[in-house]
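*Asks:* In case you want the letters, here they are:
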Amino acid sequence: MSEIMDRSKDIGEFIPRPDDDVIICRCEEITRGEIRKAVHMGLWTMTEVKRYLRCGMGLCQGQTCSKTVKVIIASELGIKPQELEECTARPPVRPIELGIFGNEVEKL
Amino acid sequence: MRIKEHPIIDSYDKGALIEFTCDGKKLNGYEGEPVAAALEANGIKIHRYTRKRHSPRGIFCAIGRCTDCVMEVDGKPNVRTCVTPLKAGMTVKTQYGDGQREAEKE
Amino acid sequence: MRRYNLCVIGAGPAGLSAAIEAAKTGMSVGVFDENQKAGGQLFKQIHKFFGSREHKASIRGFNIGYELLTEAKALGVDVHLDSVVIGIYDPLRITVCEDGCITNYAADNIVVATGASENTVPFEGWDLPGVLGAGAAQTMMNLHGVQPGEKIIMLGSGNVGLVVGFQLLQAGCKVEAVVDALPHVGGYGVHASKLARTGVPFYLSHSIVRAEGEDHVTGVVIAQVDSHFNFLPGTEKHFDADTVCLAVGLNPMSQLTRMAGCEMVNKGGLVPKTDKYGATTIDGLFAAGDVAGIEEASSAMITGRIAALSAAKRSGFIDEKQFEDGYNENHSSILKLRKGMFAPENRGRMDITKTDEGYPLSVSLLENGFVSDTEIRTFPGVISEEGVHPVIECTQNIPCDPCQEACRVGCIKIGEGITSLPQVNADKKCVNCGRCVAVCPGQAIFLVDEETENGFGTVTMPYEFLPLPQKGDIGVGLDRAGKAVCTAEVTDVKSRKEFDHTNLLTVKVPSEMVMKVRFYKGKEAAKHE
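Chains as they are written, first to last, in my numbering: chain V, 1 to 108; chain Z, 1001 to 1106; chain X, 2001 to 2529.
With the rest of the complex left out, here is chain V (with noise of 0.2 Å):
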């Protein structure tokens, strides 16, 4: 997290909504209300709520749900999605199973 947030801002209680048990991350089953209390409990980031719920540490990494977790985080905090940063891009991009990473080929 490279960009300073200013945390003492009030963003007001958590107020259930009808729509908090819609789940938003398929692979680990996480739902809205479940991201949204997060929020309220003082994760304000992308990363931090990534790994305190583990939205995007699924089998599909985030390709599904990161939008939708944006949207929903930014919402609680009164701000634009795009005000939000990302959680850092690492290789692999896609998921490799480790026994692949063992068998590197020099091809010339």
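Source of the hints: derived by calculation from the structure; they are not laboratory data. One thing to keep in mind: the hints can contain errors.
[Unchecked claim] Cross-link-like lysine-lysine pairs, in silico, DSS-like; alpha carbons within 30 Å at most: (1) Z:Lys1014 x X:Lys2037; (2) X:Lys2494 x Z:Lys1004; (3) V:Lys80 x X:Lys2276; (4) Z:Lys1052 x V:Lys67; (5) X:Lys2073 x X:Lys2471; (6) X:Lys2313 x V:Lys107; (7) Z:Lys1026 x X:Lys2037; (8) Z:Lys1004 x X:Lys2497; (9) X:Lys2237 x V:Lys67; (10) X:Lys2497 x Z:Lys1014; (11) X:Lys2037 x Z:Lys1093; (12) X:Lys2267 x V:Lys80; (13) X:Lys2037 x V:Lys107; (14) X:Lys2267 x Z:Lys1087; (15) X:Lys2151 x Z:Lys1025; (16) Z:Lys1004 x X:Lys2174; (17) Z:Lys1076 x X:Lys2037; (18) X:Lys2267 x V:Lys9; (19) X:Lys2483 x Z:Lys1004; (20) X:Lys2273 x V:Lys67; (21) V:Lys67 x X:Lys2267; (22) X:Lys2151 x X:Lys2516; (23) X:Lys2151 x Z:Lys1004; (24) X:Lys2471 x Z:Lys1004; (25) Z:Lys1014 x X:Lys2237; (26) X:Lys2174 x Z:Lys1014; (27) V:Lys67 x X:Lys2151; (28) X:Lys2024 x V:Lys107; (29) V:Lys37 x Z:Lys1052; (30) X:Lys2073 x V:Lys107; (31) X:Lys2267 x Z:Lys1004.
Given the structure is predicted, the values throughout are model-derived calculations rather than measurements.
Based on these hints, arrange chains Z and X on the given structure of chain V.
*Replies:* Chains Z and X in isolation, oriented as in the chain V frame:
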């Protein structure tokens, strides 16, 4: 259901008709097509049940990215059936949670 | 380590076009794609493309795919399939997972053309089997020959939703409704009209409340939304359905460029910042196609070529003059596409009320998916004339002009700007060849003869469904809204190789119906509605 005749696509370039099993049941499919396509053609929509809520999941992206269609294929779990080519005699099983390798069960 | 002058990541329209352009300058090119087949989204596109001849207009997407692939291979491009590029490193090299092992390739230049993935919109029940992406439905139908379901609700009225909706009908599925939270149809009006005339209803300002079912979708509930997308109580509507297709936008797959350290900007998603030559903020790293900004396949092919030219110049395979010439040619080509109400700069605008020429846009088209009977008469492609003549129901400025070239006797005029509305020239005598009807990618052209015999006239329409009606069949004529308005007798069915699977169906209807009837259904099919 398979599309028998399409107004635009003249042929689908399918391989030979072969047999495979899904949860022990013998089914037919075309060699080389994605396992998920063969399952859908046989009316099978549920590929797995999730770990936490035991919710049924099926095809979602069909392009190998969402991993919702994973099943146990030939004893190996978490195989993306929408991008895995069907082979004669393949054993496909509904995956429960994260799956367990056949070897570990024994 | 194996070295290429150019590594292209992604073998879709942008990637293949970049590879071809680079190979032509003499560069050694390696293309890497994670899928088992090359062509990206092209092979799923069974409809005819828009644009002009230079943009391969009126050619079906998958045929463009074959052309590109053949040309790339003929030029000696190495196409690596089932090859996942898992990282881009400094100095320029890529790490690839292929054949069950990891290999590194050194690159003088890299073009990232990884495209985009589908957006999702969560609602209650969206994780049930039966809810899938519109692209997923396309893959199942057009690549694998399997219907994704029987009764479909399409969420999203952008071009993807409209095009896939029509393809679902062609695959023999039933599309129960097209639903969109916005108040206007997002994609081309002609795509919406193709659906509406078959009877598919549009529900704008509506969204999905929930998908119902125990272990797969059995029903869908939609409801009206306000301008803040909140559901309005009491507006729920229930549909029996087993499938929901999500066509809610695309998200550039730019992780590799982010990993490599490119400066990123927001352009309909996170994309690497590129200059007009396709260069990112990392020297030698270029981006093209949807990953650089969501547009169409036609634009992707051009931006791919521009990026390749930039790479070729950077490595000295072409000189400054060759680069300028190549760039200018491609730039003017893409400018033709980036005009009109669907141009990238106009995306999302709700305030456009007139065409460039000043004709009022059809409100009914935007709100319901079809032009009304009164509105249709105001457009220059719709005229009344003695004898058979084309009626062109193209009412928005879309970059497209194959109809002009199709007519060999000069009945149809668009002019230099390909977004101009087509005009029918009453001075020229139509010879009823039908080429304009077949060639229109929007299936918006009809041949009408208002009085062929006492009290009856004929309408010739494009028809791309099975079973194909036979001469002598008696069925019903449907209007633009998909409503049955009269009996229709099939008097001619033309299927020619040059029409590329667009059959020409001529029906005889009462004279007062020739300006209404735009679709035909056999009596049996109409009865089951």
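*Asks:* All hints are to be evaluated individually against the structure, with a verdict given for each.
*Replies:* Okay, the hints, checked on the actual structure:
1. Z:Lys1014 x X:Lys2037: 14 Å, holds
2. X:Lys2494 x Z:Lys1004: Status holds; Cα separation ~23 Å.
3. V:Lys80 x X:Lys2276: With a Cα-Cα distance of about 27 Å, the restraint between Lys80 (chain V) and Lys2276 (chain X) holds, given a limit of 30 Å.
4. Z:Lys1052 x V:Lys67: 23 Å, holds
5. X:Lys2073 x X:Lys2471: Distance ~45 Å between Lys2073 (chain X) and Lys2471 (chain X) Cα, so the pair is violated.
6. X:Lys2313 x V:Lys107: Roughly 27 Å separates the two Cα atoms, so the pair holds.
7. Z:Lys1026 x X:Lys2037: Holds - the C-alpha atoms of Lys2037 (chain X) and Lys1026 (chain Z) are around 29 Å apart, at most 30 Å.
8. Z:Lys1004 x X:Lys2497: 21 Å, holds
9. X:Lys2237 x V:Lys67: This hinted pair holds, its Cα atoms lying about 29 Å apart.
10. X:Lys2497 x Z:Lys1014: The given pair, whose Cα atoms are some 24 Å apart, holds under the 30 Å limit.
11. X:Lys2037 x Z:Lys1093: 26 Å, holds
12. X:Lys2267 x V:Lys80: 14 Å, holds
13. X:Lys2037 x V:Lys107: Holds. Lys2037 (chain X) to Lys107 (chain V) sits at ~23 Å (cutoff 30 Å).
14. X:Lys2267 x Z:Lys1087: Answer violated: Lys2267 (chain X) to Lys1087 (chain Z) is near 43 Å, above 30 Å.
15. X:Lys2151 x Z:Lys1025: Holds, at about 27 Å.
16. Z:Lys1004 x X:Lys2174: 16 Å, holds
17. Z:Lys1076 x X:Lys2037: At roughly 24 Å apart (the allowed maximum being 30 Å), Lys2037 (chain X) and Lys1076 (chain Z) satisfy the hint.
18. X:Lys2267 x V:Lys9: 28 Å, holds
19. X:Lys2483 x Z:Lys1004: 29 Å, holds
20. X:Lys2273 x V:Lys67: Since the Cα atoms of Lys2273 (chain X) and Lys67 (chain V) sit roughly 19 Å apart, the hinted pair holds (cutoff 30 Å).
21. V:Lys67 x X:Lys2267: 14 Å, holds
22. X:Lys2151 x X:Lys2516: It holds: about 28 Å lies between the C-alpha atoms, which stays within 30 Å.
23. X:Lys2151 x Z:Lys1004: Roughly 18 Å separates the two Cα atoms, so the pair holds.
24. X:Lys2471 x Z:Lys1004: 24 Å, holds
25. Z:Lys1014 x X:Lys2237: Judged against 30 Å, a Cα distance of about 41 Å means the pair is violated.
26. X:Lys2174 x Z:Lys1014: Holds. Lys2174 (chain X) to Lys1014 (chain Z) sits at ~25 Å (cutoff 30 Å).
27. V:Lys67 x X:Lys2151: 29 Å, holds
28. X:Lys2024 x V:Lys107: Holds, at about 25 Å.
29. V:Lys37 x Z:Lys1052: 19 Å, holds
30. X:Lys2073 x V:Lys107: 21 Å, holds
31. X:Lys2267 x Z:Lys1004: Since the Cα atoms of Lys2267 (chain X) and Lys1004 (chain Z) sit roughly 42 Å apart, the hinted pair is violated (cutoff 30 Å).
The earlier numbered hints that this structure contradicts are 5, 14, 25, 31.
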